[in-house]
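Protein chains: 2
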Amino acid sequence: MDFRQLKHFLTLTEALHFGRASELCHVSPSTLSRSIRQLEEALDAPLFERDNRHVALTRQGLILQRYARETLEQWEALRHTLAAEATQLTGEISIYCSVTASYSFLYELLSAFRSRHPGIELKLHTGDPADSMARVLAGDDDMAITPRPRVPPPSLAFKSLTRSPLVFIAPFTKPGAAMNWVPDTPESPTPAQWKGVPMILSEAGLSRDYADTWFKALGITPRIYAQVAGHEAIVSMVGLGFGIGVVPKIVLDNSPLAERVRILAVKPELPHYDVGLCVLNRRLKSPLTQALWDEVSERTSTTSP
Amino acid sequence: MDFRQLKHFLTLTEALHFGRASELCHVSPSTLSRSIRQLEEALDAPLFERDNRHVALTRQGLILQRYARETLEQWEALRHTLAAEATQLTGEISIYCSVTASYSFLYELLSAFRSRHPGIELKLHTGDPADSMARVLAGDDDMAITPRPRVPPPSLAFKSLTRSPLVFIAPFTKPGAAMNWVPDTPESPTPAQWKGVPMILSEAGLSRDYADTWFKALGITPRIYAQVAGHEAIVSMVGLGFGIGVVPKIVLDNSPLAERVRILAVKPELPHYDVGLCVLNRRLKSPLTQALWDEVSERTSTTSP
DNA sequence: CCAGGTTATTGCGTAAAACGCTATATTTGA
DNA sequence: TCAAATATAGCGTTTTACGCAATAACCTGG
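Protein sequence lines correspond, in order, to chains A and B. For the first sequence, position 167 matches number 167 in UniProt numbering, and the numbering has no gaps at all. For the second sequence, position 96 matches number 96 in UniProt numbering, and the numbering has no gaps at all.
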């Protein structure tokens with residue numbers, strides 16, 4: 001059963017004459033006759049009473065006429081809907097990111113994207129950046145803001161958005177406050193100075209990896225006071241005086257607790273933290289994710305995996 | 001665009017796997033792939049995002065899914081509706097007849113027909129039998145109760161229902177009433193007896209034809225007092241004493257004025273009046289009219305044109 | 001009554017479309 | 001690195017659709 005047959009049928013219901021209807025359909029009369037016959041067989045019902053002089057619609061034909069009109073109208077409506085969707089991108093992208101990212105660099109990016117593609121809905125899920133890639137790989141989110149991994153999985157595409165130094169932070173102390181575990185000369189670290197320092201680090205993720213590497217390079221076994229999920233929480237605990245932490249400077253710049261902590265001028269410096277957007281390679285085929293990918297490209301230089 | 005493609009599409013939306021969907025559709029994977037491609041081309045929109053490992057529905061695909069479900073469901077509903085209609089005849093037959101016919105022999109016929117075919121609606125239009133064939137020929141009514149014409153038009157089919165004598169009727173008079181124009185010896189008609197008789201005849205139709213023929217055969221020029229449309233009106237005027245009329249006996253038998261008139265034992269007798277059902281030959285192809293035609297056959301012997 | 005015109009359908013040969021099989025490219029997991 | 005799984009493209013064969021020509025039936029006009 002084929003739309004062309006429905007169109008032939010409707011034309012004949014209007015013309016009630018095989019010759020004229022066949023002309024309107026741009027087929028021969030015999031083709032039209034067969035088309036109608038096929039419909040009648042598909043439905044096992046006579047649609048027209050006809051002889052070589054008269055064509056009249058049967059009651060069954062009248063019922064099919066209603067159905068045929070509606071179905072073809074809805075098909076046309078569907079095509080228009082899909083054409084409109086092709087013109088304007090619509091749909092939903094879910095993005096996983098940290099709280100800091102959500103109201104710092106990402107805010108401006110997504111604002112520009114929203115005004116360019118008003119039909120696209122963005123769903124932000126905030127959480128620990130250490131979980132970001134896992135969520136994308138598992139398909140829980142379409143995209144994530146994540147630090148660039150040292151060895152990216154081959155199925156992921158990564159594009160840089162910004163770079164941030166990774167810094168050691170200590171509590172900001174008034175003169176005379178008693179906090180004797182803060183190293184006197186952080187620019188010249190020694191095991192003796194750092195072995196008693198209560199460290200507040202991420203549970204997992206790149207900042208934790210870089211901190212571990214830093215200590216190992218200096219032959220220091222750090223005293224871990226707390227392992228925390230999320231850099232914002234590290235800023236809080238350091239500000240409360242519990243210890244020293246390692247966070248991306250951007251997190252500090254965007255924290256309301258920034259005046260409660262100070263950056264230590266630690267040498268050697270930790271590597272810069274490359275923050276960007278990651279997505280499954282195969283998801284880049286989707287016009288939606290492709291559009292956001294392009295938006296990022298226009299703002300930064302491309303870093304393809 | 002073809003229902004088979006819609007079915008393939010729906011199966012793939014459920015399986016989200018070309019191999020399994022192609023099995024469910026009883027086609028090869030390459031056929032299914034092409035079927036989906038054809039739909040995508042017809043709609044100029046991607047319906048699935050897919051690679052050799054994943055198949056995901058696009059937003060456009062979701063829209064088509066809704067349409068496809070509805071359209072195929074409605075098609076099945078339509079088939080069931082038409083199947084039900086084929087089992088039980090439904091529709092409308094319009095019948096033209098005289099008032100007498102409507103509550104005499106036709107009443108019982110149509111009662112039986114109605115209980116056999118409750119889905120068929122009957123529309124009765126009453127009027128002068130002289131108009132009955134014209135109405136059928138013009139398509140104003142599907143069928144008509146009519147006297148058998150002497151030369152039936154070739155496009156009409158006629159089937160007898162009943163026969164009725166055609167009779168002369170005079171006013172029923174009490175002894176001593178003064179009505180000197182009623183012939184003394186109607187069994188021996190003479191021009192002298194009948195020339196002064198005020199005749200009340202149909203304007204047209206068979207009863208008029210037969211009356212004219214009767215008078216002509218006796219060399220009588222009748223004095224026409226009135227030409228009336230409908231036999232029932234003739235009975236009324238004769239009962240009121242205006243003259244002598246010619247009507248089918250069945251009309252008299254079914255008239256509330258029967259006791260106001262008497263039948264004259266006129267010789268030679270007028271021909272019997274063969275009353276039946278007439279219909280356009282081509283209308284007999286319709287299951288409805290065919291059903292009523294069969295009902296008449298079962299009650300009477302067939303008289304085909 | 002007959003001939004001509006009109007109309008829907010059927011049969012036939014040709015063209016177009018559909019199909020399954022096989023090969024291919026790609027991805028993933030062990 | 002290799003094997004398995006998967007969607008797609010190419011090819012030859014089969015099936016379906018199509019227009020042309022013929023046919024049967026009906027109606028009209030001479």
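Watch out, some of these pointers could steer you wrong.
Below, a sample of chain B positions facing chain A; criterion: calculated Cβ distance under 8 Å [claimed, not checked]:
| # | residue |
| --- | --- |
| 1 | M1 |
| 2 | D51 |
| 3 | L57 |
| 4 | Q60 |
| 5 | L64 |
| 6 | Y67 |
| 7 | Q74 |
| 8 | G91 |
| 9 | S94 |
| 10 | K195 |
| 11 | V197 |
| 12 | P198 |
| 13 | K285 |
Derived coverage of chain B by chain A (criterion: at least 3 residues anywhere in the stretch with Cβ under 8 Å from a Cβ of chain A; other residues may be distant) [to be verified]:
| # | region |
| --- | --- |
| 14 | 40-50 |
| 15 | 141-150 |
No lab work stands behind these hints, which were simulated from the structure alone. Every residue gets a Cβ at the ideal spot worked out from N, C-alpha and C, and that includes glycine.
Evaluated hints:
| no. | hint | in the structure |
| --- | --- | --- |
| 1 | M1 | 5 Å, holds |
| 2 | D51 | 5 Å, holds |
| 3 | L57 | 11 Å, violated |
| 4 | Q60 | 5 Å, holds |
| 5 | L64 | 7 Å, holds |
| 6 | Y67 | 5 Å, holds |
| 7 | Q74 | 6 Å, holds |
| 8 | G91 | 5 Å, holds |
| 9 | S94 | 14 Å, violated |
| 10 | K195 | 51 Å, violated |
| 11 | V197 | 49 Å, violated |
| 12 | P198 | 48 Å, violated |
| 13 | K285 | 5 Å, holds |
| 14 | 40-50 | holds (count 4) |
| 15 | 141-150 | violated (count 0) |
Hint compliance for this structure: hints 3, 9, 10, 11, 12 and 15 are not met, and every other hint is.
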